[in-house]
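Novice: Assemble the complex: chain A is given as a structure, and chain B with the ligands must be docked to it using the hints.
Residue strings, one per chain:
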Amino acid sequence: MAEKKKEINPKKTPMPEQEPLVRIENFNEVALGYSVKNAIAEAERCLSCKKAPCVGGCPVEVDIPAFIQFVKEGDFLKAVKKIKEKNILPAICGRVCPQEDQCEKYCTLGKKYEPIAIGRLERFVADFEREKGLVEGFEVPKPNGKKVAVIGSGPSGLTVAGDLVKLGYDITIFEALHKPGGVLVYGIPEFRLPKKVVQAEIEFLQKMGVKIQTDVVVGKTVTIDELLNQEYQAVFIGIGAGLPLFMGIEGENLNGVYSANEFLTRVNLMKAYLFPEYDTPIKRGEKVAVVGGGNVALDSARTALRLGAKKVYLVYRRSEKEMPCRHEEFEHAKEEGVEFIFLTLPKRILSRGNGWVGAIECIKMILGEPDETGRRRPVPVSGSEFILDVDVVVVAIGTRANPLLPSTTPGLRLNEKGYIKINEIGRTSKKGVFAGGDIVTGSATVISAMGAGRTAARAIDEYLSK
Amino acid sequence: MFEILKKEELAPEIYLIEVKAEEVAKKALPGQFVIIRVDEVGERIPLTIVDFKSQNKSITLVFQAVGKTTKKLASLKVGDKIVDLVGPLGKPTEIKKYGKVICVAGGIGAAPIFPIARELKRAKNYVITILGARSKELLILEGNLLAVSHELHITTDDGSKGRHGLVTDALKELIKENKVDLVIAIGPAIMMKFVSEVTKPEKIKTIVSLNPIMVDGTGMCGACRVEVGEKTKFCCVDGPDFDGHLVDWNLLLSRQKVYLEEEKIALESLSEKAS
Ligand SMILES: Cc1cc2nc3c(=O)[nH]c(=O)nc-3n(C[C@H](O)[C@H](O)[C@H](O)COP(=O)(O)OP(=O)(O)OC[C@H]3O[C@@H](n4cnc5c(N)ncnc54)[C@H](O)[C@@H]3O)c2cc1C
Ligand SMILES: Cc1cc2nc3c(=O)[nH]c(=O)nc-3n(C[C@H](O)[C@H](O)[C@H](O)COP(=O)(O)OP(=O)(O)OC[C@H]3O[C@@H](n4cnc5c(N)ncnc54)[C@H](O)[C@@H]3O)c2cc1C
Ligand code: SF4
Ligand code: SF4
Ligand code: FES
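From first to last, the protein sequence lines are chains A and B. Following this note's numbering, the residues of the first sequence are numbered contiguously, the last one being 474. Following this note's numbering, the residues of the second sequence are numbered contiguously, the last one being 328.
No lab work stands behind these hints, which were simulated from the structure alone. Don't take every hint at face value.
Pair by pair, the computed Cβ-Cβ distance ranges are [claimed, not checked]:
#1 A/K474 to B/K134: 38 to 48 Å
#2 A/G426 to B/E147: 16 to 26 Å
#3 B/K317 to A/E470: 52 to 62 Å
#4 A/E239 to B/E56: 22 to 32 Å
#5 A/K140 to B/D92: 28 to 38 Å
#6 B/K134 to A/E470: 41 to 51 Å
#7 B/K229 to A/E369: 44 to 54 Å
#8 B/K149 to A/G382: 47 to 57 Å
#9 A/P418 to B/E147: 13 to 23 Å
#10 B/S322 to A/T231: 34 to 44 Å
Quick list of in silico lysine-lysine cross-link-like pairs, PhoX-like style, CA-CA up to 25 Å [stated by the list, open to error]:
#11 B/K79 to A/K219
#12 B/K326 to A/K279
#13 A/K86 to A/K140
Just a sample of chain B residues kept apart from chain A, beta carbon distances all over 12 Å, derived [stated by the list, open to error]:
#14 Q108
#15 Y151
#16 H203
Just so it is clear, CB atoms sit at the ideal spot from N, CA and C, and this is done for glycine as well.
Here chain A stands alone, though its shape is the one from the complex (with noise of 0.2 Å):
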């Protein structure tokens, strides 16, 4: 047969994957990673577009053409250096990024086909550096001699730290918990993000030069007036949205109900699942209700299954369309037996009679108007309530700002909400503090975050250098 044109798969290469009942039993890593083959095969698949319009979904701007071109070519150093001009944490964002909204929405194969699956390879080649042991450093310029504070060690302050000491700053990381990585650690749980490759990046960061102090609460500990006036010049806050929501429904207060960072925490920060060789405890529910339709409820429902649940609901109050979780995510869920409650809301928690959890009435929703947000507002049908025996129930329906620090930073201006109000590159109103990530935006992406930190690093440089 003479060569044709080569053909286009029109599907994703598949991600080899621990089966749903094997993981279940599991706190591993689901998804496994491409092979060489898998990666070069998938990177074959991509038209090197000229005009790239994959580049215009990533909120940081991967140069994805150019690093899957590396791909194709066999050489993944070269593409992981690529992707990292942009993204100091490829195999965090390969794994966590909301691809189908962002880089993989714009892929022009997606017009026909499956996209390119980006994230996939981002990963695939973050990996291959990290397992191979071949993550170079970078050259650290001589110090310049200003020291710079950020506080709070996600994404969007590892980012500020990473870029400032790239250009000579002498940069220290506040964190109040004891360990860094913020929702990284103590929210994603390993089974998504495998801690072991979150510490790696950390650590790459401090052997550039980047020192973390932990356990230390800015607004308690030290505020931000004295870390201004003892040795710093700057200040980026980049503290999240840590404050859970509840539902302020009757019986939120019994034994057995947990926000999801609590549920979370405990699990992943505290590895309250390896108890009790860990000394951390973490209610093993029979029957557990998970309130809530984003990441961090799936995260929380699907953690309830591994630590042993027979039953995890999910009760979410619009239909799955709304759902404003990751597509794969919602999948994997499903695969596992999680069992979808959409269109529904709980009224309160029963009580079993001794302060603890037995059932949670609920009542079914019809969709009706738009809101505000677009999405159709869901309105309770009377007469529909309903009663799910549990025995765990997690209120994974959102956070707030936290109050403690702003409340100790005089002239730091805040929206409404009590986010930290900033201008177009991450000024706030007090000088010399700068601010990005979820405590401005409210809980958004871990992409995100990071796209905020470079505009913040870029404007403290620019304040500093006058």
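Specialist: Okay, now just chain B with the ligands, sitting in the frame of chain A:
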């Protein structure tokens, strides 16, 4: 890492340690607490800051070895280090001139009440302290409290020292004899509950220091939820001091027991390791 500079056994299973923690020592005020983690697999637990010395950059903690974490802590020696210590957390106790104040300390509560009594006396209050314990051996910091109080009354449940009875018995009498402007009670939840029940009909303002289970101590997790005046509060940031007359005591008592079974398992795993 935070080095233990001093260690003393105040009573059976009750220890005082001084830990080097420069930043915390500089900032601490009476009523605040720290969260510590003893080792790399350790749980985060809150302990009240009993004293703070900026000269030797240290804070004093007093704890009762009741479970895995506190027993591990009790096994450490001078020169050993704990991996994490963060603070000072929580709102400090409001110190001002109230007039006549009764400080009620039950058991280990003697430790956290000490700096509060001291500051209240400095703020020109007349300070009456009631120190109670199950029996004589469990009375701690008697000398310290005597030094910072105008009057010190001792009660023991078994009558082995001081007045035979509960702190509330002494409190009832003192309220009868004195015009009291404020009561501050620190101790087991059940004791604080009964103290609040004594003072409520008398309309004497009563401050208690609540001790729910905590994780982060910064308002991030909500583990420490308590109900005060029918509103849910996060004890670690909104407290730990609250108006005792408004606290839902049964909820606090119930929530302190969430991990009873697990605490037993944890303790067994500790003794297995030891043997
Ligand atoms: C369970 C869960 C799953 C998620 N899944 C995804 C996903 O799949 N994909 C995705 O893109 N995004 C996901 N997100 C969202 C994403 O993780 C966040 O948007 C992102 O981490 C925000 O980064 P940040 O730098 O603003 O803050 P954070 O990551 O929140 O970090 C803030 C850090 O600041 C510290 N801090 C707070 N206050 C103080 C203080 N006063 N002093 C010192 N330190 C302080 C905190 O302890 C924390 O470590 C998820 C979030 C959660 C909770
Ligand atoms: C703000 C605050 C300040 C505190 N200050 C002190 C202090 O200065 N000294 C001190 O000894 N303790 C103090 N506590 C209590 C202390 O945190 C607990 O004793 C400790 O967590 C027990 O840990 P463990 O692993 O040793 O015991 P666990 O195995 O967790 O518990 C053993 C026993 O202690 C009880 N217990 C567990 N947690 C608490 C709690 N939060 N309050 C009361 N009882 C509890 C359990 O019901 C059980 O009977 C404070 C608590 C709070 C919230
Ligand atoms: S960082 Fe995220 S959005 Fe950007 S290219 Fe990578 S996976 Fe896509
Ligand atoms: S749009 Fe799609 S096909 Fe085109 S360069 Fe980007 S990834 Fe490749
Ligand atoms: S301990 Fe987590 S919010 Fe108080």
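Novice: Of all the hints given earlier, name the ones this structure violates by number, lowest first.
Specialist: none
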